[in-house]
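Visitor: Residue numbers (this note's numbering), protein chains in the order written: chain A, 1 to 307; chain B, 308 to 614.
Calculated from the structure, these hints are not laboratory results.
Note that this is a predicted model, so its numbers are computed, not measured.
A virtual CB, placed ideally from N, CA and C, is assigned to each residue, including glycine.
Warning: the hint list may mix true and false statements.
[What the hints assert, rightly or not] Here are the computed lysine-lysine pairs in the DSSO-like style, where the Cα-Cα straight-line distance is at most 30 Å:
(1) A:Lys224 / A:Lys176
(2) B:Lys448 / A:Lys111
(3) B:Lys483 / A:Lys96
[As the list claims (entries may be wrong)] Short, incomplete list of chain B residues facing chain A, as computed with Cβ under 8 Å:
(4) Leu323
(5) Arg353
(6) Glu363
(7) Lys403
(8) Ile506
There are 2 protein chains.
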Amino acid sequence: MKFSLTVIGSGSGTPLPNRYSSAQVLNIHERFILIDCGEGAQINLRRFGINFNRIETILISHLHGDHFFGLPGLLNTFNQLGRTKDLNIIAHKKLKNILDVLFNATANEIKYKIIFHPVEDLSIEDSLAFNKYTISCFPLKHRIPTIGFLIKEIESRKKLSKSFINEYTPNISEIKSILNDNPFFDNSGEIVPSDKIFIPPYKPRSFAYISDSIFDLSLVDYIKNVDLLYHEATYSKIMKKLATQTMHSTTIDAATIALKANVGKLLIGHYSSRYRDTTSLLSEAKEIFPNTDAVFDGFKIDIPIDR
Amino acid sequence: MKFSLTVIGSGSGTPLPNRYSSAQVLNIHERFILIDCGEGAQINLRRFGINFNRIETILISHLHGDHFFGLPGLLNTFNQLGRTKDLNIIAHKKLKNILDVLFNATANEIKYKIIFHPVEDLSIEDSLAFNKYTISCFPLKHRIPTIGFLIKEIESRKKLSKSFINEYTPNISEIKSILNDNPFFDNSGEIVPSDKIFIPPYKPRSFAYISDSIFDLSLVDYIKNVDLLYHEATYSKIMKKLATQTMHSTTIDAATIALKANVGKLLIGHYSSRYRDTTSLLSEAKEIFPNTDAVFDGFKIDIPIDR
Chain A
1 MKFSLTVIGS GSGTPLPNRY SSAQVLNIHE RFILIDCGEG AQINLRRFGI NFNRIETILI
61 SHLHGDHFFG LPGLLNTFNQ LGRTKDLNII AHKKLKNILD VLFNATANEI KYKIIFHPVE
121 DLSIEDSLAF NKYTISCFPL KHRIPTIGFL IKEIESRKKL SKSFINEYTP NISEIKSILN
181 DNPFFDNSGE IVPSDKIFIP PYKPRSFAYI SDSIFDLSLV DYIKNVDLLY HEATYSKIMK
241 KLATQTMHST TIDAATIALK ANVGKLLIGH YSSRYRDTTS LLSEAKEIFP NTDAVFDGFK
301 IDIPIDR
Chain B
308 MKFSLTVIGS GSGTPLPNRY SSAQVLNIHE RFILIDCGEG AQINLRRFGI NFNRIETILI
368 SHLHGDHFFG LPGLLNTFNQ LGRTKDLNII AHKKLKNILD VLFNATANEI KYKIIFHPVE
428 DLSIEDSLAF NKYTISCFPL KHRIPTIGFL IKEIESRKKL SKSFINEYTP NISEIKSILN
488 DNPFFDNSGE IVPSDKIFIP PYKPRSFAYI SDSIFDLSLV DYIKNVDLLY HEATYSKIMK
548 KLATQTMHST TIDAATIALK ANVGKLLIGH YSSRYRDTTS LLSEAKEIFP NTDAVFDGFK
608 IDIPIDR
C-alpha cells in the first residue's frame, strides 16, 4: 500500500532543460494526485513512467504560470489517450474560466468529466474525502491567492492476519461476523483476542505541500506532525530580503517551519534558476532541520507503513 | 548573412520526451522568427542555444494546443529575463483574448510591448515587412482557422567589392555618390562598370511553413519556387483515410505539394506519436520528392547565399 511522492518539476519561474517548473505526483495506493502542473509536466510524467490514467485528482496551488501552464496540454492529452474516468481539479475559481476560454478556442471537446472544486468553496475545517485519502486546503501568503494542501491517507479497513486464517480456517459467514466486530470463539469456546485475528493497524500517512509562500509561522498549525512536508525554498538564506520582497521563502524559512511543525521529513525545491547546483541550499536547510532532502526532477521518496 | 532554420519541436498533439510539439526558429541575419510555440518550446529553445532576445516575431499557425500552449510561458520568461524589445505576434485574433485572460489571472504585467497582428486583418496580397524579411499569410484547410506562412528575405543593399575599394580607394563622398547610382570614373576618365564596383547581388531566400493542413493543391500557388518548404506529414501514406478525416497530410501529400510547387527542399514533421521511428516516413516522401529531410528536435538547416 504505497504512499510515495515523485517530483516531476523542481524549478520555479523559468523552466530549465533539467529542471521543469513545479509539479509532483503523490501515489496513494496506486491512486495518483498531481500537485501543480507547470509547463512540460506531461513530458516529464512520461519520462518518469507515470501512468496518466491513474491521475484522479489535480491540485493547483495558485495561478502563476509556473504552477499551471502545463495543465491545458495535459487535459488535451488525457483526451487523446481516450480517458473516460472522471478527473477532480481543486484550484482557484479563475482556472475554470481560463480552461473554458482555451478549450473554446481550440474547439477540442473534453470527453471525460472534470469535477471542478473551486477552492473558495472549501473552508479550512472541511476536507474533501476521496476513496483512499482526504485533502484539506489552507491559505498561503503569496502575491496572489495561493493555497497549501494537506493530504492524509484514509486508514484501510481491518484485515485478517494470515496466521489466524491458517490456524482457524473461518468460513465466509464467520469472516463477515468478525468484520462486523463480533467475537470469534475457538473450538474450546474461548474468545480469540483481536490482536491474534487482525493485522495490526498502521498510522495513516500524510503529506503537506507549501508552494509558494513567504515565511509564515501560522502555517505550523495546519501541518503539525505530517510525515512528509514539501516547502518551497526559492532562495538561499543570504537572499532573505529578495525572498520577502517576492513573497517567497529561503532554505532557513522552510527548515524552521519543518522544525516547529515537528514533521517527519522535509523536502525543499522551487529553486530560483540562479542556483544550478543545490548543494549549498541543502546544507543551509540541514543546519536547522537535518532530515531534509533537496528534490530534483525525477526525485522519488516512499513513506513506508509504520505499524 | 544567415538564413537558417532550427526545429524546436517536431511532434504533433502528444509531446514526447524527445519530440516536443510544433515550434521552429528561422534565423534571418540574426533576427529570429519563432513559428508556432508548442508546450515546452522555451525549454528546447534553451537546450538548442537560441538567444531569447533575438526573437522579434512569433507566428502562430492556429489555436490547437500543440501549436501555442508554450507561448504563455515563453512570454513570461521574456519578462523575467528583463526584455524591453518589442515583440510582434501574428496569430488568430482569439489568441489575444486568451493571453489577456491568462495574464489577468497570473497578475503578471508584461513589461515589453507586444504588437499583435490579428491574421484576419491581413489579406493574402498584403505582406508584413520587417527589417530583413517580409511575411505573408495564406489560408490552410484544417479543422479550425489555420494559416500558412511565406517568409522572404529582403534583399540587402548593394555592397562595394573589396577589390574595387583596394584598386580605386574611393573617398566617402565618392562612395555616397556610387551608392546613389551615379557613375564612377577611373583616372583615365572611363566609367568603371558596375560589376567591377559591386558584389554581385544574390537571390533573396524564402521559407514556407504549412502546418496543419489537409492535402490541398491550391497551396501550390502561394509557395511556388521557395527555397525551403516545411509541410506537415502527420501520417504514413497507408493512413490516407485517417489523414483526410482529421484534416492532416500524409508523406505523399507533403511531397506532392513540394513537387508541384518546385521548391528547393522539403522538410517533413508533425509526426503522429505512433511513429517512434521516422525512417519509413522519409522514404515514402523521397519516392515523390527526393530532396526531403525528416526533421527532429534540434534539426538545423542553412540555406546558403546563391549569387
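Visitor: Against each hint, give a clear statement of whether it holds in the structure.
Guide: Hints, verified against the model:
Pair hint lysine 224 of chain A plus lysine 176 of chain A does not hold up; C-alpha atoms about 37 Å apart against a cutoff of 30 Å. Of the pairs offered as hints, the one joining lysine 448 of chain B and lysine 111 of chain A holds, with about 25 Å between alpha carbons and a cut-off of 30 Å not exceeded. Between the alpha carbons of lysine 483 of chain B and lysine 96 of chain A the distance comes to roughly 62 Å, so the proposed pair goes past 30 Å and is violated. Because the beta carbon of leucine 323 of chain B sits about 7 Å from the nearest beta carbon in chain A, less than 8 Å, this interface hint is met.
At a threshold of 8 Å, the smallest CB-CB gap from arginine 353 of chain B to chain A is about 6 Å, leaving the interface hint in force. Nearest Cβ of chain A to the Cβ of glutamate 363 of chain B: about 20 Å, over the 8 Å cut. The hint is violated. Checking lysine 403 of chain B against chain A: minimum C-beta separation of about 11 Å lies over 8 Å; hint violated. With a cut of 8 Å, the hint placing isoleucine 506 of chain B at the interface with chain A is violated, because the nearest CB-to-CB distance is about 41 Å.
Comparing the model with each earlier hint shows violations of hints 1, 3, 6, 7 and 8; every other hint is respected.
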